[in-house]
Amino acid sequence: VSDATTWIPRARAGDQLAIARLVDDHQGAVFNLCYRMLGDPGEAEDVAQETFVRMVTHLDRYDRTRAFKTWLLSIAAHACIDRLRRRRVTWLSIDEPLPAGDQPALADQAPGPEETLERREQEALIQRLLGRLAPDDRQVLVLRYWYDLGYDEIAEATGATVSAVKARLFRARRELAHVAAGVGLAEAAV
Amino acid sequence: MNHNTAEQRMQEALDGVLAPAERAALDAHLATCAQCRAAWEELSAFDTLLTHAARIQPAPAGFAREALARINDPLRAGAWETAPNRDDWLRALAGAGVLAAGGTALALVLVLPALGVAGQLFRVLTSPGQWPVLIAGIEDQFSWLAALGRFLSVIVRAFDLLLREHPILIVALFGVLGLVAVWAWTVQQLTDGRSQLRAN
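Residue numbers (the working numbering), protein chains in the order written: chain A, 1 to 190; chain B, 1 to 200.
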């Protein structure tokens, strides 16, 4: 049963069950985008939850001809950019512990048995690489690889033109490919 | 095919949107260009890494419950969009001030003289014998432009004279510009560093 035909009309009418279903179905995709964009699990959780608040308050603006997931990801993507712009320059003490972004598995999520040390290291490497990019470039790269969106869909989600999406993807991939090669991509790509 | 075109084609190949004929042309170029071949190896290795390693990070336990609580709490739900931080207010205030001052100045400089010209134009057009008055009126209205030109000319001449007599000022000017650039770069690095630390 698709979102557009069943859950969205009911959610628009205030049906709590339908809203819960939408949150449940899309929480992974939204949280992941926020995590990839922000790098910090706690902050990602906060922005992802607020994304769902915006989803509910803006449901009447949702155009049924568009993919619901792309629309929802566009809300999350804009929320992440907003959050990144609000971050301020602050001095960190040498003794201050680094944020917990290096741990891909969250504290309350025990890693599954299939999760190996290599996978964790690879995950940390990818997150570090993403952190090197400008937010707009990172957004495009994440939507391309984590969500397999095409140029048109990324443009729709980010509000950019297709040519801007191509340019950002081009720039992001070229920069990170070079850096990843420098840190031993072959070992990382386990 | 030059390097830039080749790299463009490489990116399109990775995204699966390169036509077969263009792909063949790219392959032919890669066979003869070591620089592009190295770039292609880097790009394709990175693409493979992300394609295979990009996994969805699952939401933490209790996420949906907390999100629903937030949706149903009007205070918390509205807080995010209705509570801009102090910087937002300051930026908005500064922007409004600049707009108000700029708009007022623009009105004084452009709109009022234009209204005067329009009034004279109306009077002259209703009395065809007065066309010379129209020309004189327009010249009067825009005489400030000529004055401004003369003023700028004097400034430029004075600046030119000063630099001829004290060339060290040129060095000082570029020195100041260099310092500003270093300062801007440092701030950018600090911003990036902070984001990087958070991302890590």
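To be clear, the hints were calculated from the coordinates, so they are not data collected in a lab. Just so you know, not all the hints are guaranteed correct.
Stretch by stretch, here's where chain B covers chain A in the computed footprint (C-beta under 8 Å, at least three residues) [what the hints assert, rightly or not]:
no., segment
1, 5–15
2, 41–49
3, 64–78
4, 145–151
5, 157–165
Don't be surprised by glycine CBs; every beta carbon is placed ideally from N, CA and C.
Now the hints, each set against the structure:
1. Under a criterion of three residues with beta carbons nearer than 8 Å to beta carbons of chain B, the stated coverage of the segment 5–15 of chain A fails, only 0 such residues being counted.
2. With 5 residues having a Cβ less than 8 Å from any Cβ of chain B, the segment 41–49 of chain A passes the three-residue criterion, so the hint holds.
3. With 0 residues having a Cβ less than 8 Å from any Cβ of chain B, the segment 64–78 of chain A misses the three-residue criterion, and the hint is violated.
4. Under a criterion of three residues with beta carbons nearer than 8 Å to beta carbons of chain B, the stated coverage of the segment 145–151 of chain A is upheld, 4 such residues being counted.
5. Beta-carbon proximity to chain B at under 8 Å applies to 0 residues in the segment 157–165 of chain A; the threshold of 3 is not reached and the given coverage is violated.
Consistency with the previously given hints fails for numbers 1, 3, 5, ordered from lowest to highest.
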